[in-house]
Amino acid sequence: MVSRDEVMAALAPVPGPDGRTPLPESGAVCGVTIRDGKVFAAIAIDPARAKAMEPMRARAEAAIRAISGVAGAVVTLTAESARAAAGAPPAHGHETDAQPRRHGRSSEPLPGVKHVIAVASGKGGVGKSTVACNLAVGLVKLGLAVGVLDADLFGPSMPKLFGIGAKPSLAADGQKLVPLESCGVKIMSIGFLIEEGAPVIWRGPMVMSALNQLLREVEWGELDVLVVDMPPGTGDTQLTMAQNAPLAGAVIVSTPQDLALIDARRGIAMFGQVKVPLIGVVENMSYFLCPHCGERTDVFSHGGARKEAEKLGVPFLGEVPLDTAIRAHSDDGRPVVASMPESPQANALLEIARRVADTLVVGAPGAKPAPRIRVL
Amino acid sequence: MFWPTDITAMERGRVLEVAFDDGRTIRLTAERLRVESPSAEVQGHSPSQKRTVTGKERVAIVGVEPIGNYAVKIIFDDGHDTGIYTWEYLRKLAT
Numbered sequence: 001m002v003s004r005d006e007v008m009a010a011l012a013p014v015p016g017p018d019g020r021t022p023l024p025e026s027g028a029v030c031g032v033t034i035r036d037g038k039v040f041a042a043i044a045i046d047p048a049r050a051k052a053m054e055p056m057r058a059r060a061e062a063a064i065r066a067i068s069g070v071a072g073a074v075v076t077l078t079a080e081s082a083r084a085a086a087g088a089p090p091a092h093g094h095e096t097d098a099q100p101r102r103h104g105r106s107s108e109p110l111p112g113v114k115h116v117i118a119v120a121s122g123k124g125g126v127g128k129s130t131v132a133c134n135l136a137v138g139l140v141k142l143g144l145a146v147g148v149l150d151a152d153l154f155g156p157s158m159p160k161l162f163g164i165g166a167k168p169s170l171a172a173d174g175q176k177l178v179p180l181e182s183c184g185v186k187i188m189s190i191g192f193l194i195e196e197g198a199p200v201i202w203r204g205p206m207v208m209s210a211l212n213q214l215l216r217e218v219e220w221g222e223l224d225v226l227v228v229d230m231p232p233g234t235g236d237t238q239l240t241m242a243q244n245a246p247l248a249g250a251v252i253v254s255t256p257q258d259l260a261l262i263d264a265r266r267g268i269a270m271f272g273q274v275k276v277p278l279i280g281v282v283e284n285m286s287y288f289l290c291p292h293c294g295e296r297t298d299v300f301s302h303g304g305a306r307k308e309a310e311k312l313g314v315p316f317l318g319e320v321p322l323d324t325a326i327r328a329h330s331d332d333g334r335p336v337v338a339s340m341p342e343s344p345q346a347n348a349l350l351e352i353a354r355r356v357a358d359t360l361v362v363g364a365p366g367a368k369p370a371p372r373i374r375v376l
Numbered sequence: 001m002f003w004p005t006d007i008t009a010m011e012r013g014r015v016l017e018v019a020f021d022d023g024r025t026i027r028l029t030a031e032r033l034r035v036e037s038p039s040a041e042v043q044g045h046s047p048s049q050k051r052t053v054t055g056k057e058r059v060a061i062v063g064v065e066p067i068g069n070y071a072v073k074i075i076f077d078d079g080h081d082t083g084i085y086t087w088e089y090l091r092k093l094a095t
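Which chain is which? The protein sequence lines are A and B, in order. Residue numbering for the first sequence follows the numbering used here, starting at 1 and increasing by one per position. Residue numbering for the second sequence follows the numbering used here, starting at 1 and increasing by one per position.
For reference, chain A alone in the conformation it holds in the complex (with noise of 0.2 angstroms):
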């Protein structure tokens, strides 16, 4: 039976990715795992330098098959973790001042994007993904630079509703992936990565590393906005975001029935604790227009939405109809606002649009500039 020490002193003899340092000494080797006479080993690299690091994996796993009793060795890179970069935890604070440690999560800008927003609700199938697409045609009109990330990773909504079958591109740089275009706004959906119809069946830890991935390592270029529909709910994906986009305010989204205000409430409610101040209420499926006689039903009730909004105090930022028009353009993936500019539909979620993007140059209300932290 082989044992971990006998796999690290025949690694001694391999210098570690500084090429100096022995391995076993480099802090750089983890996940040791050995099963039926086989050993599983990974080494921690900068993932830049994978290329140059390949000998030295070589020579890890010839080293660790002449071990007597090997039946095989698999060493496999790895991205550095913040940990094993720091290597021995540094005596005192100063000597990481020059070398802020690297983890994996952050909350810092995203470069070239001004403002992160949310659109979200506590219910599902309110209409938050139709009025977060033409949230975001509508602020393109308004002529600022837009992105739109799709969040909902087990539904994403966004290929359809923006007509997209494409798959995205790798940039220039071979790490990001280059958003795809439609309606002059810049998207990025997990629905572009995989086929429509199959299910992504992912536990917490997945969803928190693809959103990040689908935030970060996204060339989204120069935005003005980038306008994040969320699912429904207040889980895995809602925490990562606030965590790891630094969101200047969320649209909360809701039908005027009681059943879906219930859930706004918690919504709204979540972004409280987590210091996200809100742009305000969307009223959703607010009245039906009858096409053939011209009569209005209030479907879902009406102006629960806004009543709502009076009452925590939250800006109300307007009503769309139920209406036919908006479904069909939706699932042609034409967004109203850009395919029926004129109609009182468009004109609706414009409006929407106008007091979001007016509350972004004064910020929401209730936003405040994040504290100076310093390291001395």
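Everything labelled a hint here was simulated from the structure, so no lab data went into it. As the structure is a computational prediction, the values presented were derived from the model and not from experiment. It is possible that some hints are incorrect.
[What the hints assert, rightly or not] A short list of chain A residues far from chain B (calculated; beta carbon distances all over 12 angstroms):
{"hint": "1", "residue": "A48"}
{"hint": "2", "residue": "A58"}
{"hint": "3", "residue": "G124"}
{"hint": "4", "residue": "A172"}
{"hint": "5", "residue": "Q257"}
{"hint": "6", "residue": "P369"}
[To be verified] Listed below are the simulated EDC-like cross-link pairs for lysine to aspartate or glutamate, each with C-alpha atoms no more than 20 angstroms apart in a straight line:
{"hint": "7", "chain 1": "A", "residue 1": "K368", "chain 2": "B", "residue 2": "D22"}
{"hint": "8", "chain 1": "A", "residue 1": "K275", "chain 2": "B", "residue 2": "E88"}
{"hint": "9", "chain 1": "A", "residue 1": "K368", "chain 2": "B", "residue 2": "E41"}
{"hint": "10", "chain 1": "B", "residue 1": "K56", "chain 2": "B", "residue 2": "D78"}
{"hint": "11", "chain 1": "A", "residue 1": "K141", "chain 2": "A", "residue 2": "E342"}
{"hint": "12", "chain 1": "A", "residue 1": "K368", "chain 2": "B", "residue 2": "D21"}
{"hint": "13", "chain 1": "A", "residue 1": "K368", "chain 2": "B", "residue 2": "D78"}
{"hint": "14", "chain 1": "B", "residue 1": "K73", "chain 2": "A", "residue 2": "D236"}
[Unchecked claim] Some residues of chain A that are not near chain B, with every Cβ distance over 12 angstroms (derived):
{"hint": "15", "residue": "P109"}
{"hint": "16", "residue": "G165"}
{"hint": "17", "residue": "G366"}
{"hint": "18", "residue": "I373"}
Positions of the beta carbon are idealized from the N, C-alpha and C atoms, including for glycine.
Mind docking chain B on chain A? Use the hints.
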């Protein structure tokens, strides 16, 4: 509602000073922050799981990173870096 304006690790990482916009400034030792870390590694998932962390008299803060708009993550020189300190929590520790 109070809001922090300045968060400063000082005295070789032994002290964290937080200035709030209501004019109050609090000072917390690294030891206190480490021992009372809100991380599940310390607090567990229920009060009965709470661990008493000892031997951290000499611990120092080596990094402070923003978490969204509502908290900071404090990185200590013993490798502990999973505590997310909300503005309210920092303030609560000072009382």
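>> Going through the numbered hints above, which ones does this structure break? Give me the numbers in ascending order.
In response: When the structure is compared with the hints, numbers 6, 9, 13, 15, 17 and 18 turn out to be violated.
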